[in-house]
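> Keeping their order, the protein sequence lines are chains A, B and C. In terms of the working numbering, the first sequence is residues 5 to 488. In terms of the working numbering, the second sequence is residues 18 to 351. In terms of the working numbering, the third sequence is residues 286 to 573.
Calculated from the structure, these hints are not laboratory results. Note that CB positions come from ideal geometry on N, CA and C, so glycine has one too. Some hints could be false.
[What the hints assert, rightly or not] Here are the computed distance ranges between Cβ atoms for each label pair: (1) Gln321/A x Pro419/C: 50 to 60 Å; (2) His321/C x His149/A: 48 to 58 Å; (3) Thr231/B x Gly422/C: 11 to 21 Å; (4) Pro373/A x Gly77/B: 20 to 30 Å.
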Amino acid sequence: MTSSTRAPFEYAPAPESRSIVTIAPSYGLFVDGEFVDGSGEPLKTVNPATEEVLTEVATGTSADVDRAVRAARKAFEKTWGPMRPADRGKYLFRIARLLQERAREFAVLESLDNGKPIRESRDVDVPLAAAHFFYHAGWADKLEHAGLGPDPRPLGVAGQVIPWNFPLLMLAWKVAPALATGNTVVLKPAETTPLTALLFAEVCRQADLPPGVVNIVTGAGETGRAVVEHEDVDKVAFTGSTEVGRSIARAVAGTQKKLTLELGGKAANIVFDDAPIDQAVEGIVQGIFFNQGHVCCAGSRLLVQESIHDEVIASLQRRIGTLRVGDPLDKNTDIGAINSAEQLARIRELSDIGEAEGAQRWQPACELPERGYWFPPTVFTDVSPAHRIARDEVFGPVLSVLTFRTPDEAVAKANNTTYGLSAGIWSEKGSRILKIADQLRAGVVWANTFNKFDPTSPFGGYKQSGYGREGGRHGLAAYLESTR
Amino acid sequence: MTGMTHVLDPGALSDDARALAAPTPPYDDVTRSDSAFRAFLHGLPGVDQVGAEARVAQLGTRSIKTTSKAWAIDTAISMVDLTTLEGADTPGKVRSLAAKARRPDPSDPTTPQVAAVCVYGDLAGVARDALGDSGIHVAAVATAFPSGRASRAVKIADVQDAVANGADEIDMVIDRGAFLSGRYLDVYEEIVAVKEACGDAHLKVILETGELVTLDNVRRASWIAMLAGGDFIKTSTGKVSPAATLPVGLVMLEAVRDFRAATGRQVGFKPAGGIRTTKDAIKHLVLINETVGPDWLDPDWFRFGASSLLNDLLLQRQKLRTGHYSGPDYVTVD
Amino acid sequence: MSDRLAVRKTYKLYVGGAFPRSESGRTYEVTDARGHFLGNVARASRKDARDAVVAARGAFARWSGATAYNRGQVLYRVAEVMEGRHVQFCEEVSAAEGLSGSKARAAVDAAIDRWVWYAGWTDKLAAVLGSANPVAGPYFDFSLPEPSGVVAVLAPQQSSLLGLVSVLAPVLATGNTAVVVTSAERPIPAVTLGEVLATSDVPGGVVNLLTGDAEELGPWLAEHADVDGIDLTGAPASRAMEFEREAAGTIKRVVRPPATEPDWTADPGLSRMTPFLETKTVWHPIGI
Chain A
5 MTSSTRAPFE YAPAPESRSI VTIAPSYGLF VDGEFVDGSG EPLKTVNPAT EEVLTEVATG
65 TSADVDRAVR AARKAFEKTW GPMRPADRGK YLFRIARLLQ ERAREFAVLE SLDNGKPIRE
125 SRDVDVPLAA AHFFYHAGWA DKLEHAGLGP DPRPLGVAGQ VIPWNFPLLM LAWKVAPALA
185 TGNTVVLKPA ETTPLTALLF AEVCRQADLP PGVVNIVTGA GETGRAVVEH EDVDKVAFTG
245 STEVGRSIAR AVAGTQKKLT LELGGKAANI VFDDAPIDQA VEGIVQGIFF NQGHVCCAGS
305 RLLVQESIHD EVIASLQRRI GTLRVGDPLD KNTDIGAINS AEQLARIREL SDIGEAEGAQ
365 RWQPACELPE RGYWFPPTVF TDVSPAHRIA RDEVFGPVLS VLTFRTPDEA VAKANNTTYG
425 LSAGIWSEKG SRILKIADQL RAGVVWANTF NKFDPTSPFG GYKQSGYGRE GGRHGLAAYL
485 ESTR
Chain B
18 MTGMTHVLDP GALSDDARAL AAPTPPYDDV TRSDSAFRAF LHGLPGVDQV GAEARVAQLG
78 TRSIKTTSKA WAIDTAISMV DLTTLEGADT PGKVRSLAAK ARRPDPSDPT TPQVAAVCVY
138 GDLAGVARDA LGDSGIHVAA VATAFPSGRA SRAVKIADVQ DAVANGADEI DMVIDRGAFL
198 SGRYLDVYEE IVAVKEACGD AHLKVILETG ELVTLDNVRR ASWIAMLAGG DFIKTSTGKV
258 SPAATLPVGL VMLEAVRDFR AATGRQVGFK PAGGIRTTKD AIKHLVLINE TVGPDWLDPD
318 WFRFGASSLL NDLLLQRQKL RTGHYSGPDY VTVD
Chain C
286 MSDRLAVRKT YKLYVGGAFP RSESGRTYEV TDARGHFLGN VARASRKDAR DAVVAARGAF
346 ARWSGATAYN RGQVLYRVAE VMEGRHVQFC EEVSAAEGLS GSKARAAVDA AIDRWVWYAG
406 WTDKLAAVLG SANPVAGPYF DFSLPEPSGV VAVLAPQQSS LLGLVSVLAP VLATGNTAVV
466 VTSAERPIPA VTLGEVLATS DVPGGVVNLL TGDAEELGPW LAEHADVDGI DLTGAPASRA
526 MEFEREAAGT IKRVVRPPAT EPDWTADPGL SRMTPFLETK TVWHPIGI
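Isolated chain A, as found in the complex (with noise of 0.2 Å):
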């Protein structure tokens, strides 16, 4: 046969049109179905692809978290409360359907000011976010059958923030269940990331919504703060750092708020001698670098049995070799942008760290655009317990490697954390993965899959990764006064 020297198979850039969406120049705080004005210092969003401004947003100072708070009081008391459950139920259909219609633009949005591929906000974040409200609609008018006892009360007001990660996906997984058991909420997008939750606001108006129901108050840590210690808040809800966690259990300490608390991780993916190598590879990758690994179930510890360790650091090497790292809108992209200076800060601190402990990292030829904030997938081999890039959360694409000879081995290390949100188990033999899965102290445990999510899967963590589950029948209770 004859041979040919043939150009490699270059994909030519596919960017998903910009254009779709409208930026407005300044964008003020929503409360009681009004945009206003905040009182606090404007704060600037930026696209950490390409460090352009990309609008400015208002701050929201505790006399607008209580102007919020007030007005989701009035709602809860004039019109979500007494709202027949069905009506309740009718609103929620129409927001997850018009999180349909608009899908396209909220991925864009989402991709712009958060730096995640467009393949994952268009494939993910935003269905699941509709997902969210489809599911959660259809439970408003069916709550006594949850189990909770014949006659479930709602909180009342529910003060929920949420982090830059997955700002549109966790704003769903908040908003939904809290109106569709009759509550009213504030919620405060991350500082970094507020431009959905914007948007969200006025598909909220689309749907015509009764004001005050959904109040969206912009800001950075202080203005959390405030909805989470305003006093006439009932219910806390929040997803973030286990560190602003324990200042948030400790600000609602001694008060009858009920809170709920969705925390850091440092998930063990184990991989065990029979696994199917070709999918664990896969479900390697997507654990870690899922996000950027900006994921707090992320898989960032690899456990892997001592006797396949080379075979699969090879194939996962030769994975990640294929990876595309680049600009977030284009359709092609595999991993965006690290949504901040600060994070990419963190990121290449913990990272020095783990070179400087002695762990042997691995990064693959890549080249990264010149403005941004960026960081390669990275993959730490030679990794001990004891490192600190085995023990610390760093919410990024950095991989910790570890071996175990036994499945107990493997338990013990996967649980030698103060962490408890996730886990992975890959093998081929059915009682093994049970066995593994009731071990694991984690509230989550992906087998032979990993970084899967549904409405209707409770997800939430055990030790210092919270408490409360979101999603299913289980997050309901967050949101209601159990009669049982």
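For chain A, the structure is supplied; the task is to place chains B and C on it using the hints.
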């Protein structure tokens, strides 16, 4: 129930077949016995079907536009085994196909020619004559294609006949009955025998994955075919559905990748059956690119077994060239 | 009337299945409701609390790993053994709480019945609190309740036995192990309960009873990094918020104290079991 008949010569495999059958190091002893071979094949890593499907679905979202699309279309055309495998095939039909193989788009001489024309063995000579010195290969299906239900001697004779007629590529079918009943060594030895009968002709081994059903079976059958000396592994006859699905392609590509890593020998891959559109073809090219890399992005190592695919590639090529959509009257009927 | 001189009892702690004195050597005088001397009771120290947590952690794997059926039988066995000491419990509760004989008997009856009630729960929780989740994809996805781990319980100060059982039994039924600080002024029924636990089938370390002062021990337990949850029911009102803040340091599951001690005879529902249960969700692909 009567047993299988071997009227010609049940011992068709030559005396030194066992020696001949020794596969590539480091696997030279895995075929020493049925049980050893079974242990080896069942010791290959399992395939999680859902994970494999998720992977190809993700790759299916790759957006191949403009220059990369043009490259992909021309590359795909050059990888087509332009195929006719009908009972109604005639010399005239084969000559017409050969003409199209040489010049797929009469309106545009820059269009690459295809890799091969694939026919039944009795028409291989017609194809050979019609293709002349074009460099296009003649592939013939053999071994009692598509079912493979004949004695080994008949299959060997079928191969020898096709080679004698001028085929320089043989597309054989494995004995799925033997595979599914666990007689892996029988499957293996038959491929070895066919390979021997091929002489200089390249051997593509059709697994008929639609009958193997599970991806674990696809991986095992791929390894049997590679260990037995197949030059290509091929998904399907095109007569059984499902045929060349992307998950099957993924698993077979992983097999050729792993086989080369272990033995140093590169084996080609040919999906056949069910690939009808440019979109399908590009998904396969992406799958190759991201599973085994550019080494396989070459007609020497990758082929599409297809008939109607070529016309869709040509229509898309015209669209890219002219900027407007084309229609079926602007490509030739086969 | 016999003129035999009674043999008085030494009231000790119950830790890790044994009855140690406080490592501190401290005791305190306990009187009945009318102020008559009942005994000198061990006054647990922070180090006793520490040892109790170690014992509870050590017992957790076996207790949480036991079958629900087994745990149910063990808890039922506690009721059986208590029944055998019915008279003793009545006397002690009567003395501790100043109740009439019939009221004390009612409290003891209810306490025994509460064990029976929780014993029956062990193998129903997964069905009632678990779920199969119909996710939109080819995955089998299920959620199950699992115990949080080691739970510190500041037992009610007033209801010396029924209150104690009402906060302890749900912790055990759900598979947790417990470190309990008993009522400070009314500890004797708790000490007797420890003897019951030791002679029923509850493995050592699953329950650890510390007689002493919740105000003194509360902060150590609330801050202890190896304690997963804390029930503040018996915390002094003036200190409960502080304990909750300390518990936040390791994201403990907290049951806040009620404004006043509740009516322990009321149907408890699930409200004392769910706070110390985690939900584990497991995903697995469905394929061939």
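> Each hint: holds or not?
Results of checking the hints against the structure:
1. About 38 Å separates the C-beta atoms of Gln321/A and Pro419/C, a value inconsistent with the hinted range of 50 to 60 Å.
2. A hinted range of 48 to 58 Å for the beta carbons of His321/C and His149/A is consistent with their spacing of about 55 Å.
3. Restraint check, Thr231/B to Gly422/C: a C-beta distance of roughly 20 Å satisfies the suggested window 11 to 21 Å.
4. A hinted range of 20 to 30 Å holds for the C-beta pair Pro373/A and Gly77/B, which are about 26 Å apart.
Violated hints amount to a single one, hint 1; each of the other numbered hints is respected by the structure.
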